[in-house]
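*Asks:* Below are the chains, spelled out letter by letter.
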Amino acid sequence: MQKKTAARIVCVFGILTILVIISFLLNLCIGTVKVDLTDIFRIIFTGAADEKYRNIIMDIRLPRALMTVILGGGLAVSGFLLQTFFANPIAGPYILGISSGAKMAVALFLIFVVGNTGRSSSFLLVITAFAGALVATGFIILISSHVKNMASLLAAGIMIGYICSAVTDFLIAFADDSDIVNLHSWSQGSFSGADMNGALYCLVIVGISMVFVMMLSKSLDAFRLGENYARSVGVNIRLCRILIIILSSLLSACVTAYAGPVSFIGIAVPFLMREALKSSKPVILIPASFLSGSVFCLISDFLARRIFAPTELNISAVTSLFGAPIVILMIIRRYRSHEN
Amino acid sequence: MKIDKLKAGYRKKIIINEFSLEISRGEVVSLIGPNGGGKSTLLKSISGQINPLSGSVYIGKEDIRNISLRKLSKRMSIITTERVRTQHMTCRDVVLSGRLPYSDSFGLFNDTDKKAADNAMELMKIGDLSEESYEEMSDGQKQRALIARAICQEPEYMIMDEPTSYLDIRYKLELMEVLRKLSSEGMTIITSLHEPQIALKISNRLLLVHDDGNIQIVTPDEVLRGCLIKDLYGLTDNMYETVKKTLTM
Chain A
6 MQKKTAARIV CVFGILTILV IISFLLNLCI GTVKVDLTDI FRIIFTGAAD EKYRNIIMDI
66 RLPRALMTVI LGGGLAVSGF LLQTFFANPI AGPYILGISS GAKMAVALFL IFVVGNTGRS
126 SSFLLVITAF AGALVATGFI ILISSHVKNM ASLLAAGIMI GYICSAVTDF LIAFADDSDI
186 VNLHSWSQGS FSGADMNGAL YCLVIVGISM VFVMMLSKSL DAFRLGENYA RSVGVNIRLC
246 RILIIILSSL LSACVTAYAG PVSFIGIAVP FLMREALKSS KPVILIPASF LSGSVFCLIS
306 DFLARRIFAP TELNISAVTS LFGAPIVILM IIRRYRSHEN
Chain B
4 MKIDKLKAGY RKKIIINEFS LEISRGEVVS LIGPNGGGKS TLLKSISGQI NPLSGSVYIG
64 KEDIRNISLR KLSKRMSIIT TERVRTQHMT CRDVVLSGRL PYSDSFGLFN DTDKKAADNA
124 MELMKIGDLS EESYEEMSDG QKQRALIARA ICQEPEYMIM DEPTSYLDIR YKLELMEVLR
184 KLSSEGMTII TSLHEPQIAL KISNRLLLVH DDGNIQIVTP DEVLRGCLIK DLYGLTDNMY
244 ETVKKTLTM
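Protein sequence lines, in the order shown, are assigned to chains A and B.
Adding 5 to a residue's 1-based position in the first sequence gives its number in the numbering used here.
Adding 3 to a residue's 1-based position in the second sequence gives its number in the numbering used here.
These are calculated hints, taken from the structure and not from any lab test.
Just so we're clear, the structure is a prediction, and the values are computed from it rather than from any experiment.
Virtual Cβ for every residue (Gly too), placed ideally from N, Cα, C.
Some hints could be false.
Said to hold, decoys possible - Distance ranges between label pairs, derived from CB positions:
#, chain 1, residue 1, chain 2, residue 2, range
1, B, S168, A, Y340, 24 to 30 angstroms
2, A, K283, B, R78, 32 to 38 angstroms
3, B, R78, A, K9, 33 to 39 angstroms
4, B, G189, A, I146, 41 to 47 angstroms
5, A, I49, B, R86, 53 to 59 angstroms
6, A, I20, B, S168, 40 to 46 angstroms
7, B, E134, A, A329, 30 to 36 angstroms
8, B, G63, A, N233, 33 to 39 angstroms
9, A, I242, B, F109, 18 to 24 angstroms
10, B, S168, A, M155, 21 to 27 angstroms
11, A, Y167, B, E134, 41 to 47 angstroms
Just chain A, same shape as in the assembly (with noise of 0.2 angstroms):
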């Protein structure tokens, strides 16, 4: 019995790890402008190509792509989190509102601050996000220590989100045109405006945090069995909760700096892998829940970019279309099993 359980996790990373590379070459590849696989690969690692075809791939395609991997990877884990959290599997970043907050802070930051002085860095732009993210949040802790059942606290997210984005909205249509060009795009949700810097300072962000999410997997895994058993085999409550939500923050702020917010990854991927894998231990779901993120992220971004080309849908549209009925028959199924 054990042995088959290894055995689907190896198939499962196996699996995950191809659709990852074949979805991350598939956004390379194609395009209103196609470009043969040989290509890609002798413009990557030697640079030598038709200048038109270098420009597409190295300065638009393979930012974006890399982007919309890591980015997708660390929304998945942002979900997983609150997830343990609030120990309720349909929490995500989404849907409690903390998306909206970041976005939010955002807006107000483009806005008065990069429309005033007309400067503005990567850097800024993600603390501000996670400063949004983190009120969001604190919000939402706020209400919980209130509200003890879960499906008040999350009616009370998403209202949270609505409060946000009528804010972003407001500040959307009194703002001066010069100030809002992209801003409407980008408060919907989209990959599009990815550039080298910004991948990279992705790459830096959502690394550090993995890293530290990684280390706090053993004291994830003993709050499965809830706080007071968790602390019985020695996890330090206070501590570790405050890390969670710095890193949940993190990581969707990150996402939301650069991509705007991007719907369901964070309820649906993990939930998806904890069937997959049949186990909730976060040693395996949180690598398999990155990955996977990344690959739903990748294939969604795809068919916003491409169903009706040139137009560009916002990827949120195509996260939500397979997102929420993930998230459907996630609840049904909860449902179902507390009936019996």
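Could you slot chain B onto chain A? The hints should help.
*Replies:* Same frame as chain A, but now just chain B:
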């Protein structure tokens, strides 16, 4: 373990009045008393889950509040009355989680851990359920898994809050045997129990937790001789006659 002038409760509400007690290694101490009398509160204070209002609990010479959770986790395990909800955890996963204090930093277990978990499952007669999904097990089976979990943590002290709940009569009796065996091997067991007759059989001493927050420390003999159960639960004469028969069985 030494309980020194412990007063327990929440914020300003005193639930357990000041009392002191020294417990020696391998002793079984049971808490009995009416519902809502404060048995759980007392157990939580002893295990450090809640801070006492005043007084302290010492393990060896150290105040329990000064022992790091990591160290404490290798010396003390708990069973609570809360119901655990899990996702995709097998019975074995739940039991193994008691080995987390000994696992590596990613929560991965070695053969010693697995062996300890297997032994504990055998002891609690759930060995053949090990690959079952915890959520799909019966309440009694879940309870036995949680007890196995606390046992494989290999503690010096096991603090149990109503471990017999959900267990049928056979498993209650078997649990008594297991507790006796563990205490003879040197494990100190502090447990609250709903059944005075079981408490009388397995305990070296009993703590009678009264409604008013007073604690009476007695031996099983004293309980039988002094009709203490009658006062403790506020029984009528008729009720006590019925209970008395079960006590001396």
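*Asks:* Could you run down the list of hints and mark each one as holding or not?
*Replies:* Hint check results:
1. S168(B) to Y340(A): 24 to 30 angstroms: holds, 27 angstroms
2. K283(A) to R78(B): 32 to 38 angstroms: holds, 34 angstroms
3. R78(B) to K9(A): 33 to 39 angstroms: Check passed, 36 angstroms falls within 33 to 39 angstroms.
4. G189(B) to I146(A): 41 to 47 angstroms: holds, 43 angstroms
5. I49(A) to R86(B): 53 to 59 angstroms: holds, 54 angstroms
6. I20(A) to S168(B): 40 to 46 angstroms: Given about 44 angstroms between the Cβ atoms, the range holds.
7. E134(B) to A329(A): 30 to 36 angstroms: 33 angstroms Cβ-Cβ, so the 30 to 36 angstroms window holds.
8. G63(B) to N233(A): 33 to 39 angstroms: violated, 24 angstroms
9. I242(A) to F109(B): 18 to 24 angstroms: The hinted range 18 to 24 angstroms holds for I242(A) and F109(B), with Cβ atoms some 19 angstroms apart.
10. S168(B) to M155(A): 21 to 27 angstroms: Given a distance of about 25 angstroms, which is inside 21 to 27 angstroms, the answer is holds.
11. Y167(A) to E134(B): 41 to 47 angstroms: At roughly 45 angstroms between Cβ atoms, E134(B) and Y167(A) fall inside 41 to 47 angstroms, so the hint holds.
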